[in-house]
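Colleague: If you're matching them up, the sequences are chains A and B in order.
Those letters in the first sequence? Residues 1 to 312, per the numbering used here, in order.
Those letters in the second sequence? Residues 1 to 312, per the numbering used here, in order.
Misleading hints may appear alongside valid ones.
Because identical chains share one entry, a pair is satisfied inside a single copy or across any pair of copies.
DSBU-like cross-link-like pairs, simulated, lysine-lysine; straight-line CA separation at most 30 angstroms [said to hold, decoys possible]:
id, residue 1, residue 2
1, LYS193, LYS35
2, LYS254, LYS265
3, LYS35, LYS254
4, LYS265, LYS35
5, LYS35, LYS124
6, LYS196, LYS155
The set of hints was computed from the structure by calculation and includes no laboratory data.
2 protein chains.
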Amino acid sequence: MPAAAVEDSKAHKFNPNFTQQVLAATGQNVNLRVKQLTHSLIKHLHDFARENELTVDEWMMGVELMNEAGRMSDSKRNEGQLLCDVLGLESLVDEITYKLATDAADEPTATAILGPFYRHDAPKLEMGSNIVRGKQEDGDRTWMHGTVTDSMSGKPIEGAVIDVWHTAPNGLYEQQDPDQPEMNLRGTFTTGKDGKYDFYCLRPVPYPIPFDGPAGKVLQALDRHPYRPAHIHFLLRAAGHKPIVTQIFDRSSKYIEDDAVFAVKDSLLVDFTPFKGDPNAEFELPYDFKMATFEDAKNGMLNGSTEESGAV
Amino acid sequence: MPAAAVEDSKAHKFNPNFTQQVLAATGQNVNLRVKQLTHSLIKHLHDFARENELTVDEWMMGVELMNEAGRMSDSKRNEGQLLCDVLGLESLVDEITYKLATDAADEPTATAILGPFYRHDAPKLEMGSNIVRGKQEDGDRTWMHGTVTDSMSGKPIEGAVIDVWHTAPNGLYEQQDPDQPEMNLRGTFTTGKDGKYDFYCLRPVPYPIPFDGPAGKVLQALDRHPYRPAHIHFLLRAAGHKPIVTQIFDRSSKYIEDDAVFAVKDSLLVDFTPFKGDPNAEFELPYDFKMATFEDAKNGMLNGSTEESGAV
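Input sequences plus hints: build the corresponding full structure.
Modeller: This is the structure in structure tokens:
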């Protein structure tokens with residue numbers, strides 16, 4: 001189809017009143033935000049169908065892909081979310097959220113998507129603990145440490161809770177892998193007065209997102225690989241501060257320019273440096289977090305939904 | 001949001017390269033139509049998110065709605081399809097298909113959506129049979145009859161198979177209702193040399209689409225009712241002709257201006273007229289079908305997907 005036709009979705013040969021008729025069915029007793037979102041979605045879906053002259057077969061293939069994603073989804077897997085991820089939608093919503101927050105406040109640590117492998121009940125560990133559970137696995141042992149500060153005042157935050165999780169060297173999160181101990185490579189740490197934290201983990205490796213479902217079909221249809229660059233997930237909470245959902249990425253990792261879910265940001269690239277003098281670690285990873293107060297961020301919506309979306 | 005911002009989705013404050021980055025991940029080894037549809041969908045989804053400054057919560061509510069629809073869907077129910085129906089998408093795809101076909105051929109009978117209650121194995125019945133099975137139910141007994149002709153030549157079509165289905169007077173299709181006999185109010189009829197058909201049925205009544213799932217949630221959120229006006233479904237096939245999926249609507253029915261799934265077309269409105277002299281029917285319904293040959297319609301795509309979509 002010519003680019004001009006795509007640009008101007010009003011210029012088509014189909015019933016020009018149909019979409020308006022669907023929108024006009026909306027009643028009076030509606031939440032205005034729900035109405036805005038639904039009407040916008042209807043307009044985009046209809047424009048998509050008209051611009052591409054969507055056939056019944058193609059539409060039905062899309063319906064079946066959605067239904068299949070729903071049937072695969074349960075408390076351990078969210079295939080609908082993964083389908084959005086490979087289309088870039090979760091990373092885009094994250095970038096919208098972060099942009100609105102930083103427009104309203106001093107710059108906190110950049111955010112990245114939560115992803116489908118978060119668990120809300122990771123064990124509370126003592127500062128300096130190792131999040132590797134059971135026997136030591138393969139992988140480069142790493143000492144990670146830093147300080148959690150307030151993004152405006154620069155002062156350390158006491159009582160900040162750092163929730164960390166990453167994959168095992170085989171590329172699987174513990175809940176995907178019956179051979180890993182429960183809660184392997186997960187933990188939460190609470191800062192003291194100095195805002196400092198430290199723990200031992202492994203240097204993460206790239207891994208494929210699950211590609212045995214609709215998200216995998218989309219990747220295959222687009223001739224794309226399913227790999228994510230090596231990263232560690234964080235969820236930070238502290239009284240009076242907006243939660244931060246983020247990931248940090250190993251700058252030297254394969255796929256760093258080519259994340260299957262488009263979550264990499266420059267400010268989240270980190271360097272694992274060789275570490276001498278600690279018998280428990282071959283690498284060191286210093287990283288500081290900056291959190292915005294609710295007051296700073298009150299005009300934004302920085303990760304405001306952590307509690308709810310964490311449940312999936 | 002101001003209308004201007006919605007009109008020009010390029011004018012926003014977010015990373016202007018993000019969508020291009022997602023599209024650029026597509027590999028070389030792709031079907032061009034799959035690429036066109038997926039890229040267009042990604043652009044529309046991203047524009048939708050940016051124009052509305054979609055939050056993580058709102059996005060996640062959409063994911064959960066899709067997942068729930070998938071979990072409810074099985075061989076007897078397609079909730080993903082129903083979700084599209086209440087957003088007008090199935091009727092729009094039907095109108096696109098029909099417009100392309102009529103641009104290429106003489107005007108056949110207008111089409112309407114298949115809906116989720118078609119069964120491919122309805123019983124073959126003798127001309128003049130009653131599709132009410134078991135004891136006569138309540139409802140106005142109707143004698144329907146007409147001729148199937150070729151839309152170009154006007155000649156009767158021999159061997160046309162007419163597949164008909166409609167709801168019982170309680171508003172339920174037989175597969176939704178354990179109290180109805182198997183295949184109640186369904187049947188297929190094959191025309192002879194004269195192209196004529198006739199059978200007895202009931203005058204249909206308005207009924208609600210199932211609203212105990214995500215489609216119902218959308219209707220409720222938009223303060224909309226779930227009712228469809230009274231209608232009878234048809235699927236016509238004949239050798240050398242494009243299949244026709246359609247519905248005819250009782251002009252005097254409630255909801256005729258306000259179908260929950262937007263399928264009504266003026267040319268599909270019919271009149272049930274009081275009928276004297278037949279002890280088996282209180283009403284008469286004459287209706288002729290016009291079918292386009294494959295040659296007439298070869299540049300269009302009139303209902304080309306009947307076989308596949310009928311399986312859902």
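Colleague: Indicate, hint by hint, whether the structure satisfies it.
Modeller: Hints versus structure:
1. For the identical chains of this complex, LYS193 and LYS35 are neighbours neither inside a copy (47 angstroms) nor across copies (54 angstroms), given an alpha-carbon limit of 30 angstroms.
2. In the homo-oligomer, the alpha carbons of LYS254 and LYS265 lie at most 30 angstroms apart inside one protomer (15 angstroms), although the nearest pairing across protomers, at 56 angstroms, exceeds that limit.
3. For the identical chains of this complex, LYS35 and LYS254 are inter-copy neighbours only, at 26 angstroms across copies versus 43 angstroms inside a copy, given an alpha-carbon limit of 30 angstroms.
4. Taking the shortest Cα distances, LYS265 and LYS35 sit within 30 angstroms of each other only across copies (26 angstroms), while inside one copy they are farther apart (33 angstroms).
5. In this homomeric assembly, LYS35 and LYS124 never come within 30 angstroms of each other (Cα to Cα): the closest approach is 42 angstroms inside a single copy and 46 angstroms across copies.
6. When the C-alpha separation of LYS196 and LYS155 is checked against a cutoff of 30 angstroms, the pair qualifies only within one copy, where the shortest distance is 11 angstroms, while the shortest distance between copies is 87 angstroms.
Of the hints listed earlier, those the structure fails to meet are numbers 1, 5, in rising order.
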